[in-house]
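Those protein sequences? They're chains V and F, same order as listed.
If you count by full-length UniProt numbering, then the first sequence holds residues 1 to 400, one letter each, in order.
If you count by full-length UniProt numbering, then the second sequence holds residues 1 to 400, one letter each, in order.
Quick caveat, the hints were computed from the structure, so don't treat them as lab data.
Please note that a few of the clues may not be correct.
Stated by the list, open to error - Here's a subset of chain V near chain F, in silico, CB distances under 7 Å, partners left out:
{"hint": "1", "residue": "Thr50"}
{"hint": "2", "residue": "Phe53"}
{"hint": "3", "residue": "Leu62"}
{"hint": "4", "residue": "Gly254"}
{"hint": "5", "residue": "Ser279"}
Said to hold, decoys possible - Listed next, the in silico DSS-like pairs over lysine-lysine satisfying Cα-Cα at most 30 Å (straight line):
{"hint": "6", "chain 1": "F", "residue 1": "Lys339", "chain 2": "F", "residue 2": "Lys64"}
{"hint": "7", "chain 1": "V", "residue 1": "Lys35", "chain 2": "V", "residue 2": "Lys345"}
{"hint": "8", "chain 1": "F", "residue 1": "Lys337", "chain 2": "F", "residue 2": "Lys64"}
{"hint": "9", "chain 1": "F", "residue 1": "Lys35", "chain 2": "F", "residue 2": "Lys380"}
{"hint": "10", "chain 1": "V", "residue 1": "Lys64", "chain 2": "F", "residue 2": "Lys64"}
{"hint": "11", "chain 1": "V", "residue 1": "Lys380", "chain 2": "F", "residue 2": "Lys35"}
{"hint": "12", "chain 1": "F", "residue 1": "Lys64", "chain 2": "F", "residue 2": "Lys35"}
{"hint": "13", "chain 1": "F", "residue 1": "Lys337", "chain 2": "F", "residue 2": "Lys380"}
{"hint": "14", "chain 1": "V", "residue 1": "Lys35", "chain 2": "F", "residue 2": "Lys64"}
{"hint": "15", "chain 1": "F", "residue 1": "Lys165", "chain 2": "F", "residue 2": "Lys337"}
{"hint": "16", "chain 1": "V", "residue 1": "Lys64", "chain 2": "F", "residue 2": "Lys337"}
{"hint": "17", "chain 1": "F", "residue 1": "Lys380", "chain 2": "F", "residue 2": "Lys339"}
{"hint": "18", "chain 1": "V", "residue 1": "Lys339", "chain 2": "V", "residue 2": "Lys64"}
{"hint": "19", "chain 1": "V", "residue 1": "Lys64", "chain 2": "F", "residue 2": "Lys345"}
{"hint": "20", "chain 1": "V", "residue 1": "Lys35", "chain 2": "V", "residue 2": "Lys64"}
Claimed, not checked - Far from chain V, some chain F residues (derived; all Cβ distances over 10 Å):
{"hint": "21", "residue": "Asp152"}
{"hint": "22", "residue": "Leu198"}
{"hint": "23", "residue": "Val223"}
{"hint": "24", "residue": "Arg226"}
Positions of the beta carbon are idealized from the N, C-alpha and C atoms, including for glycine.
Number of protein chains: 2
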Amino acid sequence: MNASAAIPSVLNLRPEAEQAPTSGIVDVFSYGRSKPGIIPLWVGEGDLPTPSFICEAAAQSLAKGETFYTYQRGIPELRQAIARYHEGVYRRAFDPERFFVTSGGMPAMQLAFRMLAGNGDEVLIPTPAWPNFAGAITIAGARPVPVPMAIDEGGWHLDFEGLEKAITPRTRVLVVNSPSNPTGWVASREDLRAALALARRHGLWIVADEIYHRFIHDPALTVDGRSPSFRDVMEADDRIIFVQTFSKNWAMTGWRLGWLEAPPALGQIIENLVQYQTSGTPVFVQRAGVAAIEQGESFLADQIARARQGREIVGRLSETGLVELPPPSGAFYAFLKIKGARNSKDIAFRLIDEANVGLAPGSAFGEAGEGYLRLCYLRKPDDVDEAVRRIGEALPRLVA
Amino acid sequence: MNASAAIPSVLNLRPEAEQAPTSGIVDVFSYGRSKPGIIPLWVGEGDLPTPSFICEAAAQSLAKGETFYTYQRGIPELRQAIARYHEGVYRRAFDPERFFVTSGGMPAMQLAFRMLAGNGDEVLIPTPAWPNFAGAITIAGARPVPVPMAIDEGGWHLDFEGLEKAITPRTRVLVVNSPSNPTGWVASREDLRAALALARRHGLWIVADEIYHRFIHDPALTVDGRSPSFRDVMEADDRIIFVQTFSKNWAMTGWRLGWLEAPPALGQIIENLVQYQTSGTPVFVQRAGVAAIEQGESFLADQIARARQGREIVGRLSETGLVELPPPSGAFYAFLKIKGARNSKDIAFRLIDEANVGLAPGSAFGEAGEGYLRLCYLRKPDDVDEAVRRIGEALPRLVA
Numbered sequence: 001m002n003a004s005a006a007i008p009s010v011l012n013l014r015p016e017a018e019q020a021p022t023s024g025i026v027d028v029f030s031y032g033r034s035k036p037g038i039i040p041l042w043v044g045e046g047d048l049p050t051p052s053f054i055c056e057a058a059a060q061s062l063a064k065g066e067t068f069y070t071y072q073r074g075i076p077e078l079r080q081a082i083a084r085y086h087e088g089v090y091r092r093a094f095d096p097e098r099f100f101v102t103s104g105g106m107p108a109m110q111l112a113f114r115m116l117a118g119n120g121d122e123v124l125i126p127t128p129a130w131p132n133f134a135g136a137i138t139i140a141g142a143r144p145v146p147v148p149m150a151i152d153e154g155g156w157h158l159d160f161e162g163l164e165k166a167i168t169p170r171t172r173v174l175v176v177n178s179p180s181n182p183t184g185w186v187a188s189r190e191d192l193r194a195a196l197a198l199a200r201r202h203g204l205w206i207v208a209d210e211i212y213h214r215f216i217h218d219p220a221l222t223v224d225g226r227s228p229s230f231r232d233v234m235e236a237d238d239r240i241i242f243v244q245t246f247s248k249n250w251a252m253t254g255w256r257l258g259w260l261e262a263p264p265a266l267g268q269i270i271e272n273l274v275q276y277q278t279s280g281t282p283v284f285v286q287r288a289g290v291a292a293i294e295q296g297e298s299f300l301a302d303q304i305a306r307a308r309q310g311r312e313i314v315g316r317l318s319e320t321g322l323v324e325l326p327p328p329s330g331a332f333y334a335f336l337k338i339k340g341a342r343n344s345k346d347i348a349f350r351l352i353d354e355a356n357v358g359l360a361p362g363s364a365f366g367e368a369g370e371g372y373l374r375l376c377y378l379r380k381p382d383d384v385d386e387a388v389r390r391i392g393e394a395l396p397r398l399v400a
Numbered sequence: 001m002n003a004s005a006a007i008p009s010v011l012n013l014r015p016e017a018e019q020a021p022t023s024g025i026v027d028v029f030s031y032g033r034s035k036p037g038i039i040p041l042w043v044g045e046g047d048l049p050t051p052s053f054i055c056e057a058a059a060q061s062l063a064k065g066e067t068f069y070t071y072q073r074g075i076p077e078l079r080q081a082i083a084r085y086h087e088g089v090y091r092r093a094f095d096p097e098r099f100f101v102t103s104g105g106m107p108a109m110q111l112a113f114r115m116l117a118g119n120g121d122e123v124l125i126p127t128p129a130w131p132n133f134a135g136a137i138t139i140a141g142a143r144p145v146p147v148p149m150a151i152d153e154g155g156w157h158l159d160f161e162g163l164e165k166a167i168t169p170r171t172r173v174l175v176v177n178s179p180s181n182p183t184g185w186v187a188s189r190e191d192l193r194a195a196l197a198l199a200r201r202h203g204l205w206i207v208a209d210e211i212y213h214r215f216i217h218d219p220a221l222t223v224d225g226r227s228p229s230f231r232d233v234m235e236a237d238d239r240i241i242f243v244q245t246f247s248k249n250w251a252m253t254g255w256r257l258g259w260l261e262a263p264p265a266l267g268q269i270i271e272n273l274v275q276y277q278t279s280g281t282p283v284f285v286q287r288a289g290v291a292a293i294e295q296g297e298s299f300l301a302d303q304i305a306r307a308r309q310g311r312e313i314v315g316r317l318s319e320t321g322l323v324e325l326p327p328p329s330g331a332f333y334a335f336l337k338i339k340g341a342r343n344s345k346d347i348a349f350r351l352i353d354e355a356n357v358g359l360a361p362g363s364a365f366g367e368a369g370e371g372y373l374r375l376c377y378l379r380k381p382d383d384v385d386e387a388v389r390r391i392g393e394a395l396p397r398l399v400a
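Full structure from sequences and hints, please.
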């Protein structure tokens, strides 16, 4: 949906702003958010609030009076903690100077696209994809170019031929999101190597979204308890920017805390852009981030276990015969193909009305997602179970 | 300073990013921030941490588990509180639908410029001006056009002829900041009427920064305890966007909480842009904002009194004979003209080294500010007094 329909042209706004799409997820969410008894599986967050040890770190910082302006790159303690986190997960050394604190994963991505793509540029996005990639690219004045992924019995695959064909002289960036929101696809090391080779060949930057890296369910794709990463295949001077967030690992969606990992040579530019974007992230929020990293591994382990339980339960929807669902290899979403579905948005609205379950319409993730619904299964098993029951009951009516 | 000097061109970044200037305030701040005993008067914040009743509102919200994604326009309670705040200050009715919560004044401004100015557009800024206007305009791909204000014995004045001459077919926005950071200039109602007439005549938007509206020291310019506002002279359909912040009134600089006031017709576009900018502001931060508005008037009164005391003390610098300082009518800055000064940045660095006082160099506010220094006097009187003593002692050496 283009918001400009309702805006009098006399207001004379910029096209980048008028063309910023309303998220198809937000549409559905706004429609059903206050419905009593709804089981909300539409957005990418679980049902648990942030653990109290994290909240207390913020409250203590506030009580100490840490309420002033701060470092635009992030407080040193958090940048060091983020580096240590990477050292633990990737089992090698990381320089804290590579990490820049942002007010969420979304601002990290906005900063990345502001550096890499603008007026007249094109950015390749394998789809279905999180709609905010296209949104951030659009408001930067660049053009998102969707390249549908292929799907077969084995699940989703990057279409390297399609990507190659979509490249023009104006292409500047390739987005790679693995584990994928919404499909649960996880890139193998070979996929990543091929994507990197493509980017090198054409002088493209890669924006890598590996934020679900700890939510990996397919043992064949698991490396040291995490998903394969560009870090496994890249050289130090490859042009890759990673965007990251505290939201998913530590149930901190509402905190707006994330980071950007980029070559330290970009430091001054990133600092300047942060100055004009948010002017930094609250210190007390950053202290919460330090606590999350330092004390949050056991909570994260519970989150991962919860996601796996949810994934098992959702798998039962296949038994209805109305749904195709290759088991998602990572993240915490099921991307359900509804047999015979034409309009996933209609189905999403009707599921709210008739089953009191909130799913995200596949069309929100690009044309390649039409006919699908995304279900977030990071939730207490009873809820997921009940949601699956309600959906199973309603589906035959909805696709008739 | 242009950050691109240090960036290898092989990285092939966007010019909007490379051209984003490093703030001349941040340069000095970074140089001296950790010097023992320094009296820091360089940035626009006072010395008091946020009052505890505001911090406690955030801590309570956290303890209640308000840690999830939320409304992109802001929680209804805060939008209503902001409307009530305006009703109190401007003594008329305000529709909460005009107000959009942002993660600070800076994001509010970034959203405004994203809507109004982009590639090829020009934005007029009366200077000396807060450097972040030009920064936000540059990263939006537009061109900031400084128009020096005039100065005489009576202080600073808008140069309407200069503004008129600077207008081209590409001019889209006029920025008006009153009370002004850094000069302390306050627009009279006649000034605002004339600025509005100019904007109407040329089809320009106005971005109005009236964030220091309660810090008004000249009785001749005071209306009901606040500065004159575009609200006093505008019609409902005038194209004006107001940017605002909680930072100054309630000592909340580090919280990153502000708002945008705009015609409700822009609501969906603003919501979309917020989605791709920060994806909303933490609920617990917004609860703190509600507390600030509902219980913060007596703290604000103390802040204003503190600013007036500081202003009196700083006035003594005129006695050195080395400084010209028309008494600032509003805000909490003294903008000192140093007699014979060539390079205000040099002087700012030397004041750190030789007087252990941190001021912002006038050149950070545009060429029109060269030869000046900005001093933030919202600080406990003893500190301001000692800073004035140290500056008075060092100045004769520095301008020799």
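Structure-based check of each hint:
Given hint, V/Thr50 at the interface with chain F, holds; its Cβ is 4 Å from that chain's nearest Cβ, closer than 7 Å. For V/Phe53, the interface hint is violated, since its Cβ never comes within 7 Å of a Cβ in chain F; the closest pair sits about 12 Å apart. The interface hint given for V/Leu62 is met, as the beta carbon of that residue sits about 4 Å from the closest beta carbon of chain F, less than 7 Å. Interface hint status for V/Gly254: upheld, as the beta-carbon distance to the closest one in chain F is roughly 4 Å, under 7 Å.
For V/Ser279, the interface hint holds, since its Cβ comes within 7 Å of a Cβ in chain F; the closest pair sits about 4 Å apart. Between F/Lys339 and F/Lys64, the direct Cα distance comes to roughly 57 Å. Violation of the 30 Å bound is thereby established for this hinted pair. Taking the CA atoms of V/Lys35 and V/Lys345, the gap is near 18 Å; set against the 30 Å cutoff, the hint holds. Taking the CA atoms of F/Lys337 and F/Lys64, the gap is about 52 Å. The hint is violated against a cut of 30 Å.
Simply put, F/Lys35 and F/Lys380 have alpha-carbon atoms about 19 Å apart, close enough for the 30 Å limit, and the pair holds. Between V/Lys64 and F/Lys64 the alpha-carbon distance is near 21 Å, which keeps this suggested pair within the 30 Å criterion. Taken as a hint, the V/Lys380 and F/Lys35 pair is broken in the structure, with Cα atoms around 52 Å apart against an allowance of 30 Å. Our distance criterion of 30 Å between C-alpha atoms is broken by F/Lys64 and F/Lys35, whose separation comes to about 40 Å.
Restraint check for F/Lys337 and F/Lys380: satisfied, since their Cα atoms lie roughly 23 Å apart, inside the 30 Å limit. Of the pairs offered as hints, the one joining V/Lys35 and F/Lys64 holds, with about 21 Å between alpha carbons and a cut-off of 30 Å not exceeded. This hinted pair checks out: F/Lys165 and F/Lys337 have alpha carbons roughly 27 Å apart, not beyond 30 Å. Between the alpha carbons of V/Lys64 and F/Lys337 the distance comes to roughly 37 Å, so the proposed pair goes past 30 Å and is violated.
For the hint pairing F/Lys380 with F/Lys339, the CA-to-CA distance comes to about 27 Å; that is within 30 Å, so the pair holds. At most 30 Å may separate the alpha-carbon atoms for a hinted pair to count; V/Lys339 and V/Lys64 exceed this at roughly 57 Å. For a cut-off of 30 Å, the pair hint linking V/Lys64 to F/Lys345 is broken: about 33 Å separates their Cα positions. For a cut-off of 30 Å, the pair hint linking V/Lys35 to V/Lys64 is broken: about 40 Å separates their Cα positions.
Listed as a non-interface residue, F/Asp152 keeps its Cβ farther than 10 Å from every Cβ of chain V; the least gap is roughly 33 Å. With a closest Cβ-Cβ approach of about 17 Å to chain V, F/Leu198 is found to remain outside the 10 Å limit, as its non-interface label requires. For F/Val223, the non-interface assignment is confirmed: its Cβ lies about 29 Å from the closest Cβ of chain V, beyond the 10 Å cut-off. Every C-beta of chain V lies more than 10 Å from that of F/Arg226, the closest at about 25 Å, which supports listing it as non-interface.
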